[in-house]
Amino acid sequence: MAQPRISAYLPPDIDPTKAPLAFGRRALPKLNEELQSPELLTQQRALMALCDLVHDPEKVYQAIALGFLDNLKTLLVHHDQTVRQKTTEVLSIMAFHSIGRQGLIQSGVISALTGLLDDPVDICRKNTHQIFDIMAKLPEGAAGVLQAGLIPPLVLKLKTELDEIQEQILDTLSNCLQVEVSEALAAGVVAVLKEKLSHPSTAIRSKAAWVLLEISSHAEGKIAVCKEGVIPVLVSLLEDTQPEVQVNTAGALMFAAVTPQGRSAALGAEAIPPLLKLVAEETNKARLNAIKTLTLLAELPEGRQTLLDHRDTFQQCLDDPSEAVQRAAQIAITVIEWKP
Amino acid sequence: PDTPEVEKPKKAQKKLMPRKLKQEEIRPGTPQPVEGREHVYVQTELYLEEIIDRIIEVDGECQTDEFLDRPPTPLFIPAKTGKDVATQIEEGELFDFDIEVKPILEVLVGKTVEQALLEVMEEEELAQLWSHQRAFAELRNAEFAELQRLEEQDRRIREEKERRRLEHLEKLRKQKETAEKVAARAFAQRYLADLIPSVFSNLHDSGFFYDPIERDIETEFLPWLMSEVEETLQKKVLGRVMLDSLIRMVVEKRLDEFSRPPPSDQTEAPAEEPRATDAAPQVSGEASAADQPVAEADQPAAEE
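Read top to bottom, the protein sequences are chains A and W.
Per UniProt numbering, numbering through the first sequence is continuous, rising by one, with the last residue being 340.
Per UniProt numbering, numbering through the second sequence is continuous, rising by one, with the last residue being 304.
Simulated from the structure, these hints should not be mistaken for lab results.
Take these hints with a grain of salt, some might be off.
Below 27 Å or equal to it, Euclidean Cα-Cα: the simulated DSSO-like pairs (lysine-lysine) are [stated by the list, open to error]: (1) A:18 x W:111; (2) A:339 x W:161; (3) A:30 x W:111; (4) W:235 x A:59; (5) A:137 x A:157; (6) W:102 x A:18.
Model the full structure from these sequences, guided by the hints.
Now the structure itself:
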C-alpha cells in the first residue's frame, strides 16, 4: 500500500545503469553474487552500484569481511574495459579508507594490479596508479609496492605516460624511495628525473624535485645525484617562479650537499645567490630548506667567506614565526661564524 | 450435410439394413420382380448418395507455418456500456504540485548532493591529511638533513683526527727509527774506531809488520851470535870438564899417594874430594859455582 511517507532511498529505477540494491544487510552479499554472474550486464550494473556504496566506510568494512576483494581481483583481468575501469575505481575508493588499505595489502591486490600497468584504457591506468599512490603513503603499502617489484616498470612508465599519470607515478616513487633506493637507481631513475625537471608543468617539476629529495636522503642516492650532474640543473631551478618547485628543489639540494662532492658541485654551480634570495623572502616556504642548504655550504671555507657578508639575512630569520626556521637560522649563524 | 437429428435415423437405418438383409436371406425376401420389370434399389432421401465400396479418399496435407510473431492483439474497444458521464479536475483541486513535489525533489536532490558532499568531504579530508603529512615530512627532512650534516661533520672530524693520529704515529715511528739509526751509527763508529788500531796491533803482534833490519838481525845475526856463544860456552865447559878430570886425576892420585902416608892428610884429602866432586857435577850452567871453577880454570888455562 502506498504510504505518504517518502522513502530516504532513491526510487528503484532512477539510474538504469546500477543494479538494484537489496535491503539492509543483504545489499552487499547480493552484489557479491551478482559480480560472479556470467552475464556481462549484471556484472557491470553490480559494479556501478558498488562504486557508490563504497564511499561509506562501514560498507567498506563489510565488503572486505565478505571477501569482495578476491572477486574484484578476478575481475581485474576481465576482457571488457568498463568492468576493469569500474573495478579499479572501486579499489581506489576503497584505498581511501584505512580499513580498505589494510584489506588491500593483506589480499595482495598490489601484485594483481601490476598487469594493468599496460592497459590500453587511460582511466584504468589512472585508477591503478592512484591506488599505488595511496598505498605507498602507508609504510606497509610502500613495502608492498617495493616487494611487487614495481619500481623498474614505474620508472619506465615515467618516460611514456600522460601527464596526470606521471604526477601520480612521481608521488608513488617519492614515498617508496623513502624506504629503499637501490632498485630505482639501477633502473636509471636519476636521468629520467633530470629530464622531468625541465618539464613545462609545475606539478611535475615540483614532484620530480621531491623525488630527487627522497633519493638524495640515502647515501647511494647522493653519489648517483652527484655523478649524473643534476646539481647544476637544480640550482637553475631555484630561480623558478613557483613556490612548490622552489621548496622541493631547495630540499633536494639540501640533501645532496651533505657529501663533500655535492657541496663543491653546488658551490661550483653558484648556488649561494639564489638561496640567499629565497631566505630573504619572508613568506616563502622554502626558507627552511634554503637555510639548511646554506648551512651545509657554509662548512666549506669559500662558502663561509661569502656568507660572512650576509649574516644579517640570517639575523632577520630569527624573527620568523616558525620555530624550526628560528632554530635553523641559529645553527646557520653558528656555523658561519665558526673559526677552525 | 444433414443436421444431426436427420443423420441419426439414417445411421440407424443403415445399421438396420445389413441386419435386415441377413435376416431376409434366411426368410424369403422381396418377391421376385414381375416380368418385364426389374427391382432397382433407389435412394429416396433428399440428397442422392453414390454408394460405392471404396470409400472416397481425399489426400490432404497439413503443415504448420513457421513461427510467426503473434500478431498484435487488435485493439479491443469494448462496446460502450453505461452512461456517459464527464468530470473535470480543475487546477488546484487534487493536489498542489509545487507543494507535493517538494519532498520528492528534496529526496532526489538531497541524495545526490549528499553523495557529492560525501565525496568532496572525503577528498578534502584526504587532502588535509596529505598536507599535514607533507608539513611533517618537510620538518622531518629538514631535521634529517641537519642530522646528516652533523653526521658528515662528525665523520670528517673523526677522519681528520684519525689521519692526524696516524700521521703522528708515523712521525714517532720515523723519529724512533732515526734515533736508532743514529745510535747504531754512533755505536758502529765507536766500535769500528778501535778496529783499525786493533787490527794493526793484532797484525803487528802476529808479526805481519816487521822491520826488515830487525828481522834480519833477528833471523841471522842473533842465531849466529847464539851459536857463537854456545860454542864459547861449550869450550868453557870443555875446559871445565878437562879441569875436573885433571882435578879428579890429581885427587885420585893424591888419594892413592896419601892413603899410604900418615892419616893427617886424609882430612885434607876428603875435604878436597868433596870439593872436587862437587865441582864436577856443577860444571854447566850455575853462574856462582861456574865462576869459581872458571876463575880457577882460567888460571890454569892461563898458566898453560
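Here is what the structure says about each hint:
As the CA atoms of residue 18 (chain A) and residue 111 (chain W) are separated by approximately 15 Å, the hinted pair is consistent with the 27 Å bound. At most 27 Å may separate the alpha-carbon atoms for a hinted pair to count; residue 339 (chain A) and residue 161 (chain W) meet this at roughly 17 Å. Among the hinted pairs, residue 30 (chain A) with residue 111 (chain W) is consistent with the structure: their alpha-carbon atoms are about 22 Å apart, no more than 27 Å. For the suggested pair residue 235 (chain W) and residue 59 (chain A), the alpha carbons sit about 158 Å apart, so the restraint of at most 27 Å is broken.
With a C-alpha separation of about 20 Å, the suggested pair residue 137 (chain A) and residue 157 (chain A) falls inside the 27 Å cut-off, and the hint holds. A threshold of 27 Å between alpha carbons decides the hint, and for residue 102 (chain W) with residue 18 (chain A) the separation of about 25 Å falls inside it, so the pair holds.
In terms of the numbered hints stated before, the structure departs from hint 4 and from no other.
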